[in-house]
Every structure is written in C-alpha cells, then in structure tokens.
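All chains, full assembly: derive it from the sequences and hints.
Sequence order for the protein chains is G and B.
Position one of the first sequence corresponds to residue 1 (my numbering), numbered consecutively onward.
Position one of the second sequence corresponds to residue 1 (my numbering), numbered consecutively onward.
It is worth saying that the hints were derived from the structure and are not from the lab.
Among the hints, erroneous ones may be present.
[Claimed, not checked] Computed footprint of chain B on chain G; a stretch qualifies when at least three of its residues, placed anywhere within it, have a C-beta under 8 angstroms from a C-beta of chain B:
no., segment
1, 50–61
2, 148–156
[What the hints assert, rightly or not] Reference excerpt, derived from the structure (chain B facing chain G, CB under 10 angstroms, subset only):
no., residue
3, Leu37
4, Val39
5, Asp139
6, Asn284
All residues carry an ideal CB built from backbone N, CA and C; glycine is no exception.
Here are the chains, one letter per residue:
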Amino acid sequence: MRVAPRQLVVFLGRRLLYSAVVLLGVLVLVFALVQVVPGDPIRLALGTRYTEEAYQALLAASGLDRPLVEQFFSYLGHALTGDLGVSFRSGEPVTALLLQRLPATLSLAVVGLVIALVISIPAGIWSALHEGRLSDAIIRVTSQFGVSVPDFWMGMLLILLFSTTWVLLPSSGYVALSDDGAQWARRVLLPGLTVGLVAGAIMTRYIRSAVLEVASMSYVRTARSKGLSSGIVVRRHILRNALVPVLTIAGIQFATILGGVIVVEVVFAWPGLGRLVYESVAARDYSMIQGSVLLIAAMFLLVNLIVDVLYAVVDPRIRLS
Amino acid sequence: MTEPRDEIVADEHGAGVAPTDEAARMTPFRLLASNPLTVVSALVLAVVVLLAIAAPWVAPYGINAVDVANALQPPSASHWFGTDDLGRDVFSRVIVAARVSLQVAVVSVTFALLVGVLIGVVSGYVGGLLDVVLMRVVDVMFAFPVLLLALAIVAILQPGMATTMLAIGIVYTPIFARVARASTLSVRHEPYVQVSRTMGTPTTTILRTHVLPNISGPLIVQTSLSLAFAILSEAALSFLGLGIQPPAPSWGGMLFSAQGFLGQAWWMSVFPGVAIFVTVLAFNLLGDGLRDVLDPKQRTLIESRSRR
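Below, the structure written as structure tokens:
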C-alpha cells in the first residue's frame with residue numbers, strides 16, 4: 001500500500017480534532033440535560049422515596065449545589081477520566097453499571113451485524129448487478145419492507161412464531177457467553193435476528209447503490225472494453241472497489257445497533273445498554289441517563305472515527321480532498 | 001443513481017419521442033404517475049388519511065368502550081380485528097390511533113421542516129463562521145441515535161402528546177438543516193442568484209424568491225421519508241409508555257399491551273403492527289418515487305450520514 005505519510009498525518013490530525021470538537025459538544029449537551037429539567041431533578045428522581053436526608057446526600061453527591069461553571073468543569077474532568085458520577089436511584093457508580101450492561105449489547109450488536117451482512121452482501125450485489133430486472137425489483141421492494149417494519153413489532157412476531165406457536169426458542173433473557181455458550185446462542189438468536197433483519201434491509205439498499213456507483217465508473221468501462229470477461233470485471237474491478245463503502249456502512253450500522261436498539265432490548269428483556277436507558281428515563285435517574293447517553297454517543301463517534309481513518313488509509317482520494 | 005434516467009428512457013420508447021432532453025421536460029406529475037408503486041402508495045396514504053379524519057364517525061365502537069364479557073374475542077363480523085383484554089374493539093382503536101399517529105407525525109415533521117430549513121438556508125447562504133458553528137451543532141446532534149435523543153427530551157419534560165411532538169420534531173431538525181444547506185450551497189452560485197445579489201435585492205427576497213423554490217425538491221422528498229420515520233419513532237416511544245399516554249389509543253401503546261397476550265390473542269399484536277407497517281411503507285415508497293423524479297442526486301438520510 002502506498003501511503004503518503006505527511007498527508008495521512010495531516011488528515012488524521014484534522015479528523016481527530018473534529019471528533020474532539022463534536023465530543024465536546026456532546027458533553028455540553030449531556031451536561032445541560034440535568035440543568036434544563038424544569039423543577040428540581042433530585043426531587044423528581046427521589047419521587048416517593050423523598051426524605052430530607054436522602055435529598056441532601058444526593059445533592060452533595062451530584063454536585064448540583066455548586067456554581068454552574070464549576071459543575072461543568074468538574075463534570076468534564078470526571079467524564080474524561082471515566083467517572084460519570086453515581087446513579088440517582090441506586091447510588092452505585094454509573095460507569096460500573098454501564099460496563100455491566102455492555103456485554104449483552106455487544107453480543108446483540110455482533111450477532112445482528114453478522115446476520116445483516118449475511119443477508120445484505122449477496123442481496124445488494126445481486127440486485128445491483130441485475131439492475132432493472134425482476135429480481136432487482138423484488139430485492140428492492142423486500143428491503144423497503146424491512147426498512148418500514150418497526151423493529152420491536154418484528155421482534156414480537158418472531159416471538160409469536162418461534163416461542164409461542166412452535167416453542168423452539170426462549171422469548172427473553174440473556175446468558176453470558178462465558179457462562180454457557182449454547183444457552184447464549186439460543187437466547188441471542190431471536191433478538192439478533194430482529195436486529196439483523198432490519199439492519200440487513202437498510203444495508204442491502206446501500207450496498208446496491210455502492211456497487212452501482214462503482215459499476216458506472218470509467219475504469220469499469222475500460223476494463224469491459226478491453227475485452228475482460230464479465231466475471232473478472234465484476235470480481236476484480238467492481239466488487240473490490242465497492243468493498244470500501246460496504247465496510248463504512250457496516251461500521252455505521254454497528255454503531256447504530258450499539259446505541260439504537262432500545263425497544264428491541266425491552267421486548268426481549270435483554271439486559272443491555274438500551275434497556276438501561278429506558279429504565280433510567282422511566283425512573284428519572286438523571287445521572288444514569290447522562291452516562292448512558294454519553295457512552296452511546298461516544299461509541300458512535302469512535303466507530304465513525306475508526307471507519308473514516310480506515311477509509312483514508314485504504315483510499316487516498318479521501319485524504320487528499 | 002441511474003434509476004430515474006432509466007424510467008425516462010423507458011417512457012420515451014413508449015412514446016416514440018427522442019433524446020433525454022425532450023423527456024426531461026415531462027411534467028413531474030406524469031413521471032410520478034408512471035410509477036405504479038408511487039401511485040399505489042399515494043392511494044394507500046389517501047385512504048389512511050381519510051380513515052384517520054373520519055375515525056370518530058367510522059369507528060363502530062367507542063375507543064374506551066370496555067366490555068369485559070367480550071374480552072379477547074378473535075376477529076369476527078361484529079369485531080373485524082377482534083377485541084383486546086378489556087373487550088375494546090381493536091378496529092376502532094386502530095383507526096382512531098391512526099389519527100393520533102398522523103397528527104404527531106405531521107406536527108413534528110412540520111416543526112423539523114420549518115426550523116431545519118431556516119437553519120440550513122441561513123447557514124448555507126451566509127456561510128463563514130456562522131455556517132461552521134451551526135453545522136458543528138448539527139454534527140453533535142447526529143452523534144445521538146434518534147430514539148435516544150427523543151428519550152432524553154422526554155426525560156426532561158413530562159411524557160405526553162406535546163412532548164412527543166416536540167421530541168420527534170427536534171430529533172429530525174438536523175436532517176432538514178443538512179438537506180436545506182446542501183441544496184442552498186448548490187443554488188447560491190447560480191447566475192440568477194448572483195445577478196440578483198449584484199442588483200441589490202435584499203437577502204430575504206433572494207432567499208424567498210430564488211433559493212427556497214429551487215431547494216423544494218429535496219425537501220419534499222425528505223418530508224415524506226421523515227413522516228415515515230416520525231411514525232416509527234412515535235410508535236416506539238408510545239410502546240415504551242413514554243409517548244402518547246393511555247387511555248388515548250396509539251399503535252405503539254396497543255402493541256405494548258398486546259405483549260402479554262401474544263399466545264392467546266395474536267390479533268392484538270398483528271393489526272396495530274400492520275397499521276404502522278403499511279403507513280410507514282407507503283410514506284417510504286412515496287418518498288422513493290418522489291426522489292426519483294424531483295431529486296435524483298440526493299441520497300437518503302443515512303447514506304448522507306455515512307458519507308460525512
């Protein structure tokens with residue numbers, strides 16, 4: 001690979017700076033979340049458990065009694081070192097609670113992404129290479145179906161089919177991969193399928209347009225006109241070049257699944273980040289909401305950063321622009 | 001994207017007329033009408049909207065007419081979609097919920113459209129530091145998954161219909177800002193805008209008479225697609241109990257209560273879900289058809305996100 005080091009370093013520097021600026025913006029927004037709650041967030045979080053003692057303790061722990069500027073810099077400093085405060089509900093450290101939930105969400109995201117790739121790569125490529133034919137139309141309409149289905153409804157239908165009617169798979173619950181691999185697989189299958197089918201439908205559309213875009217390039221026409229067999233043109237010129245945007249799409253989808261399957265996790269009683277967000281919102285546990293929102297946004301930015309950097313390393317046109 | 005051109009070519013052959021230029025002058029309406037998927041989805045949407053408007057008169061039963069003796073009845077002549085766990089007619093609730101769902105979607109997308117276009121047009125037209133700052137704010141908002149951001153907003157305010165509208169509206173504002181900005185940038189350097197500027201036409205007049213009409217294509221497409229996403233978001237929020245509050249019926253809320261009866265009453269989970277699916281699909285297909293005609297170059301929202 002011919003990589004011009006200086007340009008790459010400049011590109012990386014600019015890209016990192018950009019991520020840092022956006023992350024700072026995310027931090028400001030997440031910090032502001034508690035500040036803009038109408039009324040007293042601590043009183044709201046305590047609800048019926050309110051006592052003067054508990055109130056004072058939580059107020060001190062949350063630091064909400066200090067001046068705004070001081071609060072912000074303290075939040076910033078702590079967040080950047082991984083300390084996200086304590087839960088308004090349980091009093092446990094937010095970071096520890098988040099880390100507990102991460103394996104379940106990661107399992108779901110990995111399984112979902114694999115299923116999505118297995119569906120979308122062949123479907124998207126086939127559809128693009130048969131553009132305008134009946135099979136292309138069928139794939140396009142089917143993928144549009146997948147994009148339009150509410151994911152949680154799809155989950156309910158899968159439960160209805162595979163758990164209630166045929167009693168093949170459990171409808172809820174999570175077993176850690178390290179505890180029991182077989183049980184993990186049985187339980188991750190239905191939620192994974194739910195996530196994977198929807199993501200697969202979305203990705204099929206992008207892969208189709210990515211392949212179409214490459215296929216319209218002049219070097220593909222040149223390759224064809226110099227008499228290469230269409231199999232070679234497809235494999236060497238079209239698919240190889242379409243791989244890069246496909247990787248990008250896969251990365252984005254992975255990040256989206258990591259932070260975006262809140263309702264699917266609720267339907268399958270899946271103890272992941274998404275369900276944690278839901279529980280915290282329902283309980284008005286503001287520090288927990290802040291922590292999970294921050295973590296999910298940061299993961300999204302990180303995956304985007306990695307994808308962009310890989311992209312630049314592979315494709316010199318990006319870093320030159 | 002080669003799809004739209006293909007359609008034009010196909011049309012030319014049918015009409016026996018020559019080159020692409022000639023065909024490009026076909027009215028957008030005729031082009032739209034030549035795509036059966038677009039026509040069908042527009043018809044489906046018309047039916048959904050009519051049902052939603054007429055819901056209070058069309059619904060055979062009251063939405064909260066509890067009839068415990070007839071609870072969990074399968075679909076029949078008297079209850080087309082069956083009854084739920086409290087004996088309420090599922091068909092009546094589905095069509096009244098359509099009203100609620102469309103209302104939320106239309107209000108929130110209108111909000112997103114107005115605010116987003118204002119931000120996008122100003123950002124794209126004025127440029128400079130303002131553009132940089134506004135677009136970084138948009139980037140920050142894009143760092144949050146849609147439902148997560150909506151949930152955070154609900155956490156700040158009280159759950160309810162107004163909050164749902166506001167949350168979904170805010171969440172979809174950045175997309176419109178981006179689409180409007182991109183289109184404005186491409187229009188800004190057109191000769192007619194430059195000339196108008198040189199002649200001393202006030203900026204607001206230029207924006208109103210030259211920029212806005214010329215960026216409407218992508219915005220119409222985005223509106224249709226956003227209505228689909230807004231309905232999905234509302235359903236998700238209501239399913240979580242953080243959107244439309246019972247006893248008001250909502251498709252998401254109905255699906256939530258159906259969860260406990262999956263084995264006994266499939267109709268409780270199937271019909272509200274089908275209602276969401278059909279409406280969202282129709283908006284998506286309509287958006288796709290509109291894009292092919294009005295805005296061939298514009299990519300879908302997530303595509304543009306992935307190309308950041």
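Going down the list of hints, with the structure as the test:
no.: 1; hint: 50–61; in the structure: violated (count 0)
no.: 2; hint: 148–156; in the structure: holds (count 6)
no.: 3; hint: Leu37; in the structure: holds, 8 angstroms
no.: 4; hint: Val39; in the structure: violated, 15 angstroms
no.: 5; hint: Asp139; in the structure: holds, 5 angstroms
no.: 6; hint: Asn284; in the structure: holds, 5 angstroms
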